[in-house]
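In this note's numbering, the protein residues as written are 1 to 349.
What the hints contain is simulated information worked out from the structure, not anything from laboratory work. Treat the hints with care, as some may be off.
Claimed, not checked - Under the rule of at most 25 angstroms between Cα atoms (straight-line distance), these lysine to any residue pairs were calculated in the SDA-like manner:
| hint | residue 1 | residue 2 |
| --- | --- | --- |
| 1 | K90 | T283 |
| 2 | K263 | P317 |
| 3 | K199 | L163 |
| 4 | K256 | A288 |
| 5 | K241 | F22 |
| 6 | K2 | A195 |
| 7 | K2 | R142 |
| 8 | K256 | S292 |
| 9 | K315 | L145 |
| 10 | K9 | A34 |
| 11 | K9 | L154 |
| 12 | K241 | P212 |
| 13 | K313 | A195 |
| 14 | K9 | I48 |
| 15 | K9 | S125 |
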Amino acid sequence: MKTWQDILKDSINSSAALNAYFNTQHTSIDTIIATYPMRINSYYLQLIQNAGDALWKQAVPVEAELNDPVCIEDPLDEENLSPVPNLVHKYPDRVLFLISNQCAMYCRFCTRKRKVGTDKMAITSQTINAGLEYIRQHPQVREVLLSGGDPLLLPDSQIESILSRLRAIPSVKVIRIGTRVPCTLPMRVTPELTAILKKYHPLYINTHFNHPAEITPESSAACMMLANAGIPLGCQTVLLKGVNDSPEIMRKLLLKLLEIRVKPYYLFQTDLTAGTNHFRTSTATGIAIMRSLIGHISGLAIPTFALDGPGGKGKIPLTPDYILTRGDSLVFQNYRGETCTYPESGDGI
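Could you build all of it, start to finish, from the sequences and the hints given here?
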């Protein structure tokens with residue numbers, strides 16, 4: 001039986017390998033891969049049913065990545081918000097700590113597309129130590145989000161070392177891990193890894209599914225194993241043109257996530273990341289999808305539709321507008337479009 005390391009080694013990372021597998025002729029992607037690397041591990045590869053399907057679009061480069069007239073390399077201004085390398089301090093009480101530069105698959109819409117999987121993202125024991133020391137010296141930081149790349153591609157021993165050192169900092173109350181491994185390489189979630197993670201509660205995992213076809217017996221088992229270890233799971237989905245920008249697909253995805261004990265957390269408007277403009281929908285598309293969901297499926301399945309403000313301005317919720325008028329009474333529509341009235345309290349606030 002192949003280990004997760006073997007599956008990762010079997011990844012497709014060249015046009016020749018891609019063409020051999022799918023019997024296609026994609027020579028133009030070589031120039032794209034030179035800038036934005038490709039990695040499609042053998043597990044995710046077998047989920048792709050046809051060239052051009054929703055999973056293909058997430059995994060395979062297209063020429064539009066090098067011809068993006070709108071977007072910029074660092075739309076969230078992470079580099080200018082990094083007091084030490086690979087640590088982003090944007091919000092007062094929490095930091096983003098990048099501890100891996102590798103992913104099980106290089107998603108074509110990645111926010112850190114500019115550097116993940118390349119030598120532009122240098123992560124060493126020195127950068128890890130510097131990040132930990134920064135957190136230690138800033139006791140207002142009560143929450144740390146580990147990301148990358150994918151933190152769960154690190155060896156078990158390194159994951160445990162970082163978690164134990166974080167947990168030894170008294171001001172750190174909550175640890176979060178951002179990982180797409182349960183979706184793109186679910187066999188990485190092993191009993192040994194889970195046993196390590198559960199030692200460092202309160203620990204939360206935000207994973208990332210974008211399409212119902214990504215929810216398989218393997219990914220379901222990985223999420224169940226994590227949930228059974230007492231780890232709350234959330235999902236950060238990205239709204240992607242041609243992948244999940246329809247109410248039907250989104251509804252199916254969100255309901256299936258609940259079945260595998262993953263709470264839909266965010267639905268993100270695509271960031272303004274260079275090389276991803278072809279994935280962007282209008283914000284009106286996302287708001288319309290949210291209106292089609294709210295009230296029609298369980299509230300547990302409803303994520304927050306949000307836009308991460310360019311320039312590091314933070315996440316802004318984008319919600320359908322149900323309010324018609326304000327005054328002595330609030331007049332609004334419900335999810336069915338029916339007009340409702342609620343008398344205000346008169347406290348003037």
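Taking the hints in turn, this is what the structure says about them:
{"no.": "1", "hint": "K90 to T283", "result": "holds (24 angstroms)"}
{"no.": "2", "hint": "K263 to P317", "result": "holds (17 angstroms)"}
{"no.": "3", "hint": "K199 to L163", "result": "holds (9 angstroms)"}
{"no.": "4", "hint": "K256 to A288", "result": "holds (21 angstroms)"}
{"no.": "5", "hint": "K241 to F22", "result": "holds (23 angstroms)"}
{"no.": "6", "hint": "K2 to A195", "result": "holds (21 angstroms)"}
{"no.": "7", "hint": "K2 to R142", "result": "violated (39 angstroms)"}
{"no.": "8", "hint": "K256 to S292", "result": "holds (17 angstroms)"}
{"no.": "9", "hint": "K315 to L145", "result": "holds (15 angstroms)"}
{"no.": "10", "hint": "K9 to A34", "result": "holds (19 angstroms)"}
{"no.": "11", "hint": "K9 to L154", "result": "holds (14 angstroms)"}
{"no.": "12", "hint": "K241 to P212", "result": "holds (15 angstroms)"}
{"no.": "13", "hint": "K313 to A195", "result": "violated (37 angstroms)"}
{"no.": "14", "hint": "K9 to I48", "result": "holds (18 angstroms)"}
{"no.": "15", "hint": "K9 to S125", "result": "holds (24 angstroms)"}
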